[in-house]
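Quick mapping for you: the protein sequence lines, in order, are chains X and H. So for the first sequence, the working numbering puts the first residue at 1; every next one is plus one. So for the second sequence, the working numbering puts the first residue at 255; every next one is plus one.
Hints were generated in silico from the structure; no laboratory data involved. Ideal Cβ placement from N, Cα and C applies to all residues, glycine included. If a hint is listed, it holds; no wrong ones were tucked in.
Here are a few chain H residues that sit away from chain X, every Cβ distance over 12 Å (derived from the structure): (1) 321; (2) 356; (3) 390; (4) 402; (5) 467; (6) 468.
Using 35 Å as the maximum straight-line C-alpha spacing, the simulated DSBU-like pairs for lysine-lysine come out as follows: (7) 439/H <-> 464/H; (8) 210/X <-> 345/H; (9) 178/X <-> 107/X; (10) 91/X <-> 439/H; (11) 345/H <-> 178/X; (12) 418/H <-> 345/H; (13) 223/X <-> 164/X; (14) 418/H <-> 439/H; (15) 178/X <-> 432/H; (16) 432/H <-> 477/H; (17) 432/H <-> 107/X; (18) 432/H <-> 91/X; (19) 477/H <-> 361/H; (20) 345/H <-> 185/X; (21) 432/H <-> 185/X; (22) 210/X <-> 223/X; (23) 185/X <-> 107/X; (24) 164/X <-> 185/X; (25) 178/X <-> 223/X; (26) 91/X <-> 464/H; (27) 464/H <-> 361/H; (28) 107/X <-> 210/X; (29) 178/X <-> 361/H; (30) 178/X <-> 210/X; (31) 91/X <-> 107/X; (32) 439/H <-> 178/X.
Some, not all, of what chain H presents toward chain X, calculated at C-beta under 7 Å: (33) 263; (34) 339; (35) 374; (36) 376.
There are 2 protein chains.
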Amino acid sequence: MMNIAAWLMFDGSRYHGWQVQQFDATVQGTLEAALSRLCGHPITAHGCGRTDAGVHAERYCFNFRTSSSIPPDRLPYAANSLLPPDIAIKKAIYAPEDFDANLSCLKKEYTYRIYNSRIRDPFYTGRAYFYPHRLDISSMRVAAAHFVGTHDFAAVRSVGTETKTTIRTVHWLEIAEKEPFIEFKVCADGFLYNMARAIIGTLLYVSEGKIAPDDIPQLLDFKDRRQTGPTAPPDGLYMTRIWYNGEVGAMMES
Amino acid sequence: MMNIAAWLMFDGSRYHGWQVQQFDATVQGTLEAALSRLCGHPITAHGCGRTDAGVHAERYCFNFRTSSSIPPDRLPYAANSLLPPDIAIKKAIYAPEDFDANLSCLKKEYTYRIYNSRIRDPFYTGRAYFYPHRLDISSMRVAAAHFVGTHDFAAVRSVGTETKTTIRTVHWLEIAEKEPFIEFKVCADGFLYNMARAIIGTLLYVSEGKIAPDDIPQLLDFKDRRQTGPTAPPDGLYMTRIWYNGEVGAMMES
Chain X
1 MMNIAAWLMF
11 DGSRYHGWQV
21 QQFDATVQGT
31 LEAALSRLCG
41 HPITAHGCGR
51 TDAGVHAERY
61 CFNFRTSSSI
71 PPDRLPYAAN
81 SLLPPDIAIK
91 KAIYAPEDFD
101 ANLSCLKKEY
111 TYRIYNSRIR
121 DPFYTGRAYF
131 YPHRLDISSM
141 RVAAAHFVGT
151 HDFAAVRSVG
161 TETKTTIRTV
171 HWLEIAEKEP
181 FIEFKVCADG
191 FLYNMARAII
201 GTLLYVSEGK
211 IAPDDIPQLL
221 DFKDRRQTGP
231 TAPPDGLYMT
241 RIWYNGEVGA
251 MMES
Chain H
255 MMNIAAWLMF
265 DGSRYHGWQV
275 QQFDATVQGT
285 LEAALSRLCG
295 HPITAHGCGR
305 TDAGVHAERY
315 CFNFRTSSSI
325 PPDRLPYAAN
335 SLLPPDIAIK
345 KAIYAPEDFD
355 ANLSCLKKEY
365 TYRIYNSRIR
375 DPFYTGRAYF
385 YPHRLDISSM
395 RVAAAHFVGT
405 HDFAAVRSVG
415 TETKTTIRTV
425 HWLEIAEKEP
435 FIEFKVCADG
445 FLYNMARAII
455 GTLLYVSEGK
465 IAPDDIPQLL
475 DFKDRRQTGP
485 TAPPDGLYMT
495 RIWYNGEVGA
505 MMES
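Turn these sequences into a full structure, and let the hints guide you.
Put into structure tokens, the structure is as follows:
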């Protein structure tokens, strides 16, 4: 069995997230169906993380084991012809036997896109969060800086998934103005359930004057999800970068 | 009754074109339902032209008459809250009593977007034509120049709609490389049914070596739709500019 690692892109609008569910269409389920057909035996796709319903990925990594002899460089064309048009494999390579898209991951970056204009743009429906009010970028930047570093992020995670610890390291949380978009980029060694969206929702509360920028450290200390901002809608969230050692890392940064 | 002119944007993926049909969702039908509700009386929206199923518009103009007292500058916000997220009114103003979005139009520009890469991009599904083969831009540019000017365009129109004459003036037909996109911009005083897409399909035939670039004048002379290229898919087609005299013209260029 060869272990193949691949770069996946998907528009998550139509899917109930990554993970296979019994009744709803998911990215994993759709991908496994196409790969199983292509390889001629049942395939299990190991994703780099769960994504929520409606969340997108420009760079998502998964690996799978197969006894088929399809060369990885031909996999994208062959698989894409069997995948729906909102999911595509961009690249694939042979990975070391012990490579696991989730366990081998060093860090990840998510980008959250807000369409900040008084009139919505029909071409960004489902692909950016339409927010027609003025944003206080300076206050959000002051607040954002408090999230950077190693902290207990229990205050910005939704319960529902088990985790050994709620301590994570946020490497950066940057806000860029790309009129009419505002882009938030957050990179961490790992993300708790809904953590990226809860951080964005909290920053929007800061912009709206509902939370003071310098209250963030205290709110993190309280570890109380009810005192931070709401979970921002999934529409604006994209997985945009992921880091690994070795050749898989080089592929995902190419 | 006041005559109001408005700038409309829509992602046409879900619609069977502009014009009201008995059973299928159309942009006109959806728009008229929202405006009728807003204005409190039945509204007829006069569009600047029919668009086909799946065709998009960044700048589309329509006008309608209403006895309601809603100020045009408030119309976009009020109407957009009643419209689905893939249709939005961007601006609106009072127009002269005799203004008609179709009859008053001086010229229009369509943009056709090809996503020219070996791997498709899930985020452009339905919004660009995915064409994974090499394009011969130079040959297409030679062929494109032959379409510019006043000609009988019967060779690149589908039958099915009545028209007094098939003579039109193409002001420009330009090809821009914006990797991984190729953008065609075609401006004319008017477009016959499927004319923009038939021109693009013919240019693709030129790129594929099926038509010689300098055969275009002769093919136009033959006036035989079967000898030109196929009608390119609607996904890549956007109405991008439209010209009028006076204040409506200024609004649509703003």
